[in-house]
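S.K.: These are the residues of each chain, in order.
Number of protein chains: 4
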Amino acid sequence: MNLELALRMCEASVKQAGREGALVSVAVVDAGGHLVAFQRMDGAEIAGPALAPGKAYTAVAHRMPTADLAPLVAPGGDLYGLAGDRYVCFGGGIPLWDRGEGRRVVGAVGVSGGTVAQDVACAEAAAALWDGA
Amino acid sequence: MNLELALRMCEASVKQAGREGALVSVAVVDAGGHLVAFQRMDGAEIAGPALAPGKAYTAVAHRMPTADLAPLVAPGGDLYGLAGDRYVCFGGGIPLWDRGEGRRVVGAVGVSGGTVAQDVACAEAAAALWDGA
Amino acid sequence: MNLELALRMCEASVKQAGREGALVSVAVVDAGGHLVAFQRMDGAEIAGPALAPGKAYTAVAHRMPTADLAPLVAPGGDLYGLAGDRYVCFGGGIPLWDRGEGRRVVGAVGVSGGTVAQDVACAEAAAALWDGA
Amino acid sequence: MNLELALRMCEASVKQAGREGALVSVAVVDAGGHLVAFQRMDGAEIAGPALAPGKAYTAVAHRMPTADLAPLVAPGGDLYGLAGDRYVCFGGGIPLWDRGEGRRVVGAVGVSGGTVAQDVACAEAAAALWDGA
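Chains as they are written, first to last, in numbering that gives the first Met the number 0: chain A, 0 to 132; chain B, 0 to 132; chain C, 0 to 132; chain D, 0 to 132.
Heads up, some of the hints might be wrong.
The list makes no distinction among identical chains, and a pair is therefore deemed to hold if it is satisfied within one copy or across any two copies.
Here are the simulated SDA-like pairs of lysine to any residue, each with C-alpha atoms no more than 25 Å apart in a straight line [claimed, not checked]:
1) K14 to G76
2) K14 to G99
3) K14 to L4
4) K14 to D130
5) K14 to P74
6) K14 to M0
7) K14 to E123
8) K14 to P70
9) K14 to A73
10) K14 to L78
11) K14 to M40
12) K14 to E44
13) K14 to D84
14) K14 to V72
15) K14 to A46
16) K14 to N1
17) K14 to G75
18) K14 to L2
19) K14 to R102
20) K14 to R103
21) K14 to V119
Just so you know, the hints here were simulated from the structure itself, not pulled from any lab data.
The structure presented is a predicted model; accordingly, all values stated were derived computationally and were not measured.
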């Protein structure tokens with residue numbers, strides 16, 4: 000992950016949010032789950048600074064989209080009971096894989112502020128940019 | 000949000016609690032989720048100082064009544080997995096909108112101590128005062 | 000401690016702040032260190048909701064004015080190393096003693112937002128009301 | 000505070016860091032202390048995502064540069080004992096005042112990663128942009 004690319008990913012999410020009619024916060028984190036870039040659109044809710052980095056962190060920590068985690072942490076799911084200050088286990092966080100063998104998570108993007116479907120769409124816009132970079 | 004109005008909202012909630020036969024804590028926060036005024040009725044539980052501000056913060060952060068969040072954070076809900084130190088996701092927190100276009104959340108009221116239905120009624124009494132002010 | 004008295008103490012502090020030309024937050028807590036009433040003056044800093052209750056809590060927890068704690072927690076002081084999320088160890092918190100034998104702390108007032116001297120003066124205005132009540 | 004200006008402030012700090020030969024993280028927060036934009040330069044330490052927003056929050060909360068807080072929280076200082084999860088009390092955080100009467104703090108910038116002097120210089124570069132905007 001690098002800042003230049005992280006900024007472009009943020010922009011891609013913000014642009015997608017515009018198309019969705021949503022106001023979101025976007026966070027990009029590195030392989031350690033630490034913030035590289037963050038942007039909150041004007042008027043987006045103050046939960047974004049907590050939730051967008053949380054989704055990105057969670058996507059790195061579990062190496063899967065946070066949308067896929069949702070059923071796993073539900074009662075009866077394999078990870079029921081998963082908890083922690085920084086976990087956010089619903090859609091909007093997407094891990095980013097290394098571009099060689101694709102075996103290593105090198106970062107993640109997290110989006111919060113719209114509906115879950117909008118957040119996912121915005122995060123995917125950023126991830127698409129990563130995959131194509 | 001200002002202190003004078005926040006105090007009147009607290010009083011409105013306390014009065015409603017009297018009618019409900021409940022003992023509650025009331026918190027009013029600003030657009031940043033920070034406390035402006037707080038009142039705990041004599042005999043109300045000590046959880047109130049944590050829960051009432053938590054509900055008010057959550058109502059600002061997600062720009063919806065915390066009662067509406069409850070089904071969303073339940074298993075199977077879109078936001079299942081929402082967590083955080085300050086989140087309280089059941090009824091009793093109500094966001095307050097700006098009185099111009101009504102597009103901006105400028106604060107919230109949170110009530111805790113009675114049943115959820117009582118807490119909601121007390122918060123609504125405060126919100127009604129806001130809407131009428 | 001009761002709400003009616005706590006509110007009057009808040010008012011006394013706010014009035015004193017007016018005389019001092021300061022913008023403060025005032026917190027009154029019970030014998031358990033839990034908030035009973037809180038008021039933040041218009042324009043007072045957002046640190047107040049954390050610091051004023053913190054000072055009041057600390058004054059109860061150590062049964063002394065927080066101003067007296069300051070030298071004790073300094074390097075070489077008896078309590079050097081005292082730490083914790085809710086401790087605030089400089090002036091502005093004052094314990095309130097029972098009015099019988101004066102052996103039991105039944106609450107405290109904490110003020111934050113002005114200079115330390117102003118905060119102390121505002122807290123003393125509230126404590127005076129308590130002592131005279 | 001708005002995102003467009005926050006991004007330009009981040010860029011101004013990053014540029015200044017280049018001149019200083021430092022690798023920093025920059026955070027811009029709103030009047031509630033909540034993150035609006037954040038950028039971490041490639042190679043900057045992972046403490047940045049905690050410290051830069053912390054400095055910005057602290058600058059808002061106490062309405063002064065965090066450099067001015069440093070002597071106040073030192074042993075013997077008026078605020079010795081100031082503590083809290085989000086406080087960072089050394090140089091690198093600068094409050095931003097409204098451009099009308101200059102009486103209201105509307106946000107802050109926080110920089111972390113270089114020496115304190117470098118962090119301050121980078122934060123000042125961002126604040127200068129704000130003052131000139």
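S.K.: All hints are to be evaluated individually against the structure, with a verdict given for each.
M.R.: Okay, the hints, checked on the actual structure:
1. K14 to G76: neither (35 Å within a copy, 27 Å between copies)
2. K14 to G99: Intra 28 Å, inter 28 Å, cutoff 25 Å: neither.
3. K14 to L4: both (15 Å within a copy, 17 Å between copies)
4. K14 to D130: Result: close within a single copy only, 17 Å intra versus 28 Å inter.
5. K14 to P74: neither (35 Å within a copy, 31 Å between copies)
6. K14 to M0: Both. Shortest intra-copy (21 Å) and inter-copy (20 Å) distances satisfy the 25 Å Cα cut-off.
7. K14 to E123: Result: close within a single copy only, 12 Å intra versus 30 Å inter.
8. K14 to P70: Classified as neither; 29 Å inside a copy, 30 Å across copies.
9. K14 to A73: neither (32 Å within a copy, 31 Å between copies)
10. K14 to L78: Between copies, since 24 Å is at most 25 Å while 34 Å is not.
11. K14 to M40: Close inside one copy (10 Å) and across copies (23 Å); limit 25 Å.
12. K14 to E44: within (17 Å within a copy, 29 Å between copies)
13. K14 to D84: neither (29 Å within a copy, 31 Å between copies)
14. K14 to V72: Classified as neither: same-chain Cα gap 31 Å, cross-chain 28 Å, threshold 25 Å.
15. K14 to A46: within (20 Å within a copy, 30 Å between copies)
16. K14 to N1: So K14 and N1 pass the 25 Å test inside a copy (20 Å) and across (16 Å) alike.
17. K14 to G75: Intra 37 Å, inter 29 Å, cutoff 25 Å: neither.
18. K14 to L2: This pair counts as both: shortest intra-copy Cα distance 18 Å, inter-copy 13 Å.
19. K14 to R102: Close across copies (21 Å), not inside one copy (29 Å); limit 25 Å.
20. K14 to R103: between (28 Å within a copy, 22 Å between copies)
21. K14 to V119: within (13 Å within a copy, 33 Å between copies)
Going down the numbered hints, you'll see the structure goes against 1, 2, 5, 8, 9, 13, 14 and 17, while the others check out.
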